[in-house]
Structure formats: structure tokens, C-alpha cells
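K.L.:
Listed here are the chains, written in short residue letters.
Protein chains: 2
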Amino acid sequence: MTALDLTADAVTLTRQLVDIESVSRNEQQIADAVETALRALPHLEVVRRGHTVVARTTLGRASRVVIAGHLDTVPVNENLPSRLDEATGILHGLGTCDMKGGDAVILRLAATVTEPVHDVTYVLYEAEEIESELNGLRLLSVSDPDLLAADFAVLMEPSNAVIEAGCQGTLRVDVRTTGERAHSARSWRGVNAIHAAADVLNRLAAYEARKPVIDGLEYHEGLNAVGIRGGVAGNVVPDECVVSVNYRFAPDRSEEEALAFVTDFFAPYDITLTDSAPGALPGLDRPAAKAFIEAVGGADAEVNPKFGWTDVARFTTLGVPAVNFGPGDPMLAHKQEEHVPVAHIERCERELRAWLQGEEAQR
Amino acid sequence: MTALDLTADAVTLTRQLVDIESVSRNEQQIADAVETALRALPHLEVVRRGHTVVARTTLGRASRVVIAGHLDTVPVNENLPSRLDEATGILHGLGTCDMKGGDAVILRLAATVTEPVHDVTYVLYEAEEIESELNGLRLLSVSDPDLLAADFAVLMEPSNAVIEAGCQGTLRVDVRTTGERAHSARSWRGVNAIHAAADVLNRLAAYEARKPVIDGLEYHEGLNAVGIRGGVAGNVVPDECVVSVNYRFAPDRSEEEALAFVTDFFAPYDITLTDSAPGALPGLDRPAAKAFIEAVGGADAEVNPKFGWTDVARFTTLGVPAVNFGPGDPMLAHKQEEHVPVAHIERCERELRAWLQGEEAQR
Chain S
0 MTALDLTADA VTLTRQLVDI ESVSRNEQQI ADAVETALRA LPHLEVVRRG HTVVARTTLG
60 RASRVVIAGH LDTVPVNENL PSRLDEATGI LHGLGTCDMK GGDAVILRLA ATVTEPVHDV
120 TYVLYEAEEI ESELNGLRLL SVSDPDLLAA DFAVLMEPSN AVIEAGCQGT LRVDVRTTGE
180 RAHSARSWRG VNAIHAAADV LNRLAAYEAR KPVIDGLEYH EGLNAVGIRG GVAGNVVPDE
240 CVVSVNYRFA PDRSEEEALA FVTDFFAPYD ITLTDSAPGA LPGLDRPAAK AFIEAVGGAD
300 AEVNPKFGWT DVARFTTLGV PAVNFGPGDP MLAHKQEEHV PVAHIERCER ELRAWLQGEE
360 AQR
Chain U
0 MTALDLTADA VTLTRQLVDI ESVSRNEQQI ADAVETALRA LPHLEVVRRG HTVVARTTLG
60 RASRVVIAGH LDTVPVNENL PSRLDEATGI LHGLGTCDMK GGDAVILRLA ATVTEPVHDV
120 TYVLYEAEEI ESELNGLRLL SVSDPDLLAA DFAVLMEPSN AVIEAGCQGT LRVDVRTTGE
180 RAHSARSWRG VNAIHAAADV LNRLAAYEAR KPVIDGLEYH EGLNAVGIRG GVAGNVVPDE
240 CVVSVNYRFA PDRSEEEALA FVTDFFAPYD ITLTDSAPGA LPGLDRPAAK AFIEAVGGAD
300 AEVNPKFGWT DVARFTTLGV PAVNFGPGDP MLAHKQEEHV PVAHIERCER ELRAWLQGEE
360 AQR
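Protein sequence lines correspond, in order, to chains S and U.
For the first sequence, numbering that gives the first Met the number 0 assigns the number 0 to the initial residue and increments by one for each residue that follows.
For the second sequence, numbering that gives the first Met the number 0 assigns the number 0 to the initial residue and increments by one for each residue that follows.
It is worth saying that the hints were derived from the structure and are not from the lab.
Computed from a predicted model, the values in this text were never measured in an experiment.
Among the hints, a few may not be true.
Identical copies look the same in the list; a pair holds intra-copy or inter-copy alike.
To be verified - Heads up, simulated SDA-like pairs for lysine to any residue below, C-alpha to C-alpha not over 25 Å straight-line:
| # | residue 1 | residue 2 |
| --- | --- | --- |
| 1 | 289 | 345 |
| 2 | 210 | 142 |
| 3 | 289 | 79 |
| 4 | 289 | 262 |
| 5 | 334 | 274 |
| 6 | 210 | 239 |
| 7 | 289 | 22 |
| 8 | 334 | 83 |
Excised from the complex, chain S in its bound form:
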């Protein structure tokens, strides 16, 4: 088994994690390495569930925080092993950005911050990149909800090493137009369902995005066709066309409100809900969030809204305010050219360490 060296710096540790291939459903090796390394630390209590590893301090502090990151990656795309470009300070490779840089920061903090001012629960979990039913954080929230109980949570999702608060919800529907089949040589005997979809696409093209401001952050919704299909044969007027639509909604709307909006938007067409996940309010008015922002960013902290959906929404559902704060550009996630600036990893480690130690980070 590959051993992890928690005395190494976070960049070296990131490379060790990246070089243990861990595509979703294949996290045994990396979880074993993480578990072994954490069990060697006497100040932590370690629990394993599947390929999810939880390590906690139990110092009886007045508050508890969660710091979480997923161990899995999307499939390999000729981007392993890792490669460090010393000249530019960029670390290249699958998972460098999403999100083993963040995982390395977690492991470094777990190993070295033995007397945090908050009790800390470190969560390194499996299967974030695939269907929700298998998500390690979700499974843990069902099997051991007490392990996730906390006053605040930090998710190490890539956010350019600045705080991204909340997240937008996402919902998918199939919008269906219907018609009547006919031979295309006598098309006037039928009704073309693809032609009928013009109305659906016109509405989408004319859509104007809502941009609500929540806790001072401007979100930005989106309503997009992400797929379209129709057609029976090259000589048949088609009787069905299906437009798959993805609605990304700001966290002031519930899933039910989002579905009602979409239903109304496409009325009277038949729509079918195929997927839905709630957003998460930024919750920046909560004391624990305020304290985190102050500690991490200072008075002039940059805080951005999170447009994509992340597991912060799960914490929100559990009643735990949560933010995204991790190294790497989220736009590079899932790309072949995925990479992370070394400076991001170092900044995240420095700021989180200062927060956990009740100090002000050196900026």
C-alpha cells in the first residue's frame, strides 16, 4: 500500500494523493492510505464508513467545525501522474484542482493542529463525482448524522482560494412536444413535433436570467437546453420531440418553487422532472460564518457567490452553515488540463491553520 507522509508539505502531499488513482467507485486504496495515516495520530478519533474516513478532535471545545473534501475523481484522461512545473508554480494532473489539493490541506491540518480553538471533524469522503445515492457525505448523513453535527462547515471545493458562499440549486426537466406521424412525402397529413419545438426554443432564447442579491452576493440563474432529440426515420414526420432543460436557480428559491417556475415557463407543454437538488443559502449572517470570514479574509474579505452546485447544500439541509473554500479554479475541474497553483494550496492551508489556531494569518 502507498503510504502518505503527513510530515511532508501540502504540495508534496497533494502529489502523493494525486498519484493514487481514485476514480469514483475505486477509492479503496486512497481511503486505506488516508485511514492509516490518520489512525497514527493520537489526538484524533477515527471512524471509517465504506471508503469515507472521519477523524475528530474531542477536546470539549464550545464549538465544532467540519472540514470536508471528497477523495474521488472523474475518469482518467491521460492526465496522470502529477507533474509539477517549478517555473510557474503550477501542479498539473487529474484531481489536483478537484480536489486533492484541498484534501492535502485537510490532512496537513489534521496532523499538525493538535490544539484547535474549535473541535474539528475532518471528513474525507467517497463518490462525489457520481450519482447522489452513492455520495459518501450523503451516506454519512444517513448512517451517522451525529458525526456531521457542527456549528459551521468548510468544503474544500475549488474556489480559487477565496470564500464562495452558498450554492445554486439545479433541476432538470424534459419538455415534450407532440404531433402526428405521416410519411414525409405526404407531410400535410401529419403534425411535425420538431417544428412545434420552435416555441420551446424561442422561449429559452428569450429567457432573461434572474440575478437576486442574497447576503450581499449576486447570484446568476440560468435556463438552458442541454439536450434535444426527435425523429423516427428519414422519411417520417416525427410525432415527438424532447428538449432537456437544466435550470440553475439561486438559493432563495426552493426546489418546489424552481419546479413551479419551470412548469409555468413552459406551459402548456408536458414536462417531466428528471433531476433536482436544492441550493444553499450563503448564511453569511450566522455568527460562525461571520467569524470564519473575518479570520480567513479579514475585514475586506473577498466573498463570492457559488454558481455551481456543491455538497454545501447537504450541510445546509442538515442545518449547518457552510462555505466553499479550496485551492484551484472551478472552471478547470473535469478538464484534461486540470491544474492548481501551488500558491492556492499554501494560502488555503495558512488561512485555515490561523483560523483553527485562533490567530490572524500572515498575509
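We have chain S; now place chain U onto it with these hints.
P.N.:
Just chain U now, kept in the frame of chain S:
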């Protein structure tokens, strides 16, 4: 080998042909049966090419006519063997309409009209229902063009036992819209190619069909989306959408003119021609066609335009005026419930016999 009985009536013979399964590429058995039956007739010269059988009189008449039908069918769809409903006079089964009823008429005429007023070339050919390269009539026009030389041709395509003249051409293009990919959570960074296709569908929905009158027949064009596809993943703004369009054009337009029309119609979008076949002018002003109409239909003959594409277009290309005249409703072709009225088969046989014998049919 199943033997065909050319002394039986045309309906019985239709059933014999239907009950020899002959899906395209599997015509050996039916072609063997047809060849054997025709070779037994001393007044005919028989030639076989692949699974296409040609039988000719060589009486030295001043004129020669072709009567042609294809032997293959579309795939079996729980509609074999044949079933005759005596009460309604309807014969059910795969190929009854398209077009073994017509083939039976050909075989009956070949067997019994030994002294026609025109020399006759009977053609029973393979692979009409599949890709053009395999079409038996096309192959024959390349290998033995002299066998198709004639003053007039009758194709036994289902046409409700009335004359359908000419045929419309057909052309398919892919119309492509493009955009720029982006994550759907930040969709404003991309350009949605499916939304862009609204313009293409709007033009199709607003299309008004041209209905030119040619030789007194009103044709009816059609421009239809027969397929649409687009989409990369459920969370990606798609960068391409392709609408497959089928243009059915009246025979006063060439393929080149049809393509120019479609190119102009969808300008400036990128279009790709995927398929094209010319129409056939009705040619009702040609003496041989006039004589046929008079013989078959009388002074008040009903002649309709053919909307669908048929092999009459091949005869037109060879310079031979041709019409469709066969038993069965073309709307039933390729349907599971395919069937043919016995009266259609009998009418076609009676009228063609009278024409070949220089008599007036009893109406």
C-alpha cells in the same frame, strides 16, 4: 423449392408470393421460383442477374413496354403468412400491398398474354426497399441497359389501382447551428447552439408548400425536420445542434435546384447534403403515355400525381416515360397491417391485359 402456379388466379398467386418470405437481401428463394416459372413459358426469353429476373417477348412489334415490380419486402413484423378475409375481399400480410399483388399481375400477364400488341419486357427485381446501390433496377440499368430500353414503362407500385404519374424528388440535408460550450452553472459564458436552432425551426414552421401543376397534375412539396439532435451532457451548454431536414420536391425542379432552394432557405446556416434522388416528370404529353391512359382509364381516366419517390424516376433518367399503376394503398406500405383489396389486383390485371391485347377493358 416452392413452385409458383402461373395458371392460378392472380389473388392465389399473390398469396403464393407473399408466403415466400423475401426481405431485402434474402430474395434467392423467390427469385428462383419466379425464374423457374417464367423459363417454363416458351414465348419468353428469360435473363437473370443476381436476384433480378427479366422475361421478354421478341415478336418484332413496333413498340416495346416494360412492366416492372420489386420482389423484396421490408422486414417481417408478425404479418406472415398471408390471410384472406373472404367477407371483405381483403388480403392481409407483408408484401400484399408493396408489392406482390403487382408482381402476381405481372406473372399472370407474362404467362397468358402470348401475343401482345407491344413487345413486353417483364422485370421482377431485388432490393428496392434498401440502399440505392443494391437496387436491382439500378444494377440492371448499369449492367444491361438494353434490357430496359422501351417506349413506356409501368411500375406496379401501389397506387390504389389508378394511374399515378411522375414522382416527387427527395433530398436530405443536415442543418447545423453552432455555439460555445460552458458549464451550465455559468451558462452566460457560453453560447447555446440548441437555442440557436429556434431560428431554423421557426423557418420550417412558417414554410408554405409549393404546389406546382404539371401536365394537369397538382404536386405538393414538403419541407420537414425528420430528426434533431444536440447536447453534450446534463451540465453543459451545448456547442452544436443538427436538424435533419427532408425536402420533397415537385418534378419540375432538378436535384440541383432543390439543393439551391434549401441552401437559400436556411442561409446562412451550414448545411450538408446527406441524400438526394431526382423526381420524375409525369410525361403525360408523350404518345405512349397518352395511349396507356386511354387504354387503361378511358376518356375520363383518373390520373393522380405521385407524391412519394419511386423507381419511375430511374426510367425517366433512362429516357423512358413511366407511371405507377398497382394494387393497394401506398399509405399501407411498410405498415404491420399491410393489406390489399382483391378488387385492386383484379382491376389492374384486367386493365393491363386489355391494354396489351389492344382491347378495351370491360368496366
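K.L.:
Now tell me if each hint is right for this structure.
P.N.:
Hint check results:
When the C-alpha separation of residue 289 and residue 345 is checked against a cutoff of 25 Å, the pair qualifies only within one copy, where the shortest distance is 23 Å, while the shortest distance between copies is 92 Å. For a Cα distance limit of 25 Å, the shortest separation of residue 210 from residue 142 qualifies neither inside one copy, at 37 Å, nor across copies, at 70 Å. With identical chains, the CA atoms of residue 289 and residue 79 are never at most 25 Å apart, being 39 Å at best within one copy and 77 Å at best between copies. For the identical chains of this complex, residue 289 and residue 262 are neighbours neither inside a copy (37 Å) nor across copies (61 Å), given an alpha-carbon limit of 25 Å.
In this assembly of identical chains, the alpha carbons of residue 334 and residue 274 lie at most 25 Å apart only when taken from the same copy (24 Å versus 37 Å across copies). For the identical chains of this complex, residue 210 and residue 239 are neighbours neither inside a copy (34 Å) nor across copies (27 Å), given an alpha-carbon limit of 25 Å. When the C-alpha separation of residue 289 and residue 22 is checked against a cutoff of 25 Å, the pair qualifies neither within a copy, at 36 Å, nor between copies, at 75 Å. Only within a single protomer do residue 334 and residue 83 lie at most 25 Å apart by alpha-carbon distance; the minimum there is 17 Å, versus 64 Å between protomers.
Of the hints listed earlier, those the structure fails to meet are numbers 2, 3, 4, 6 and 7, in rising order.
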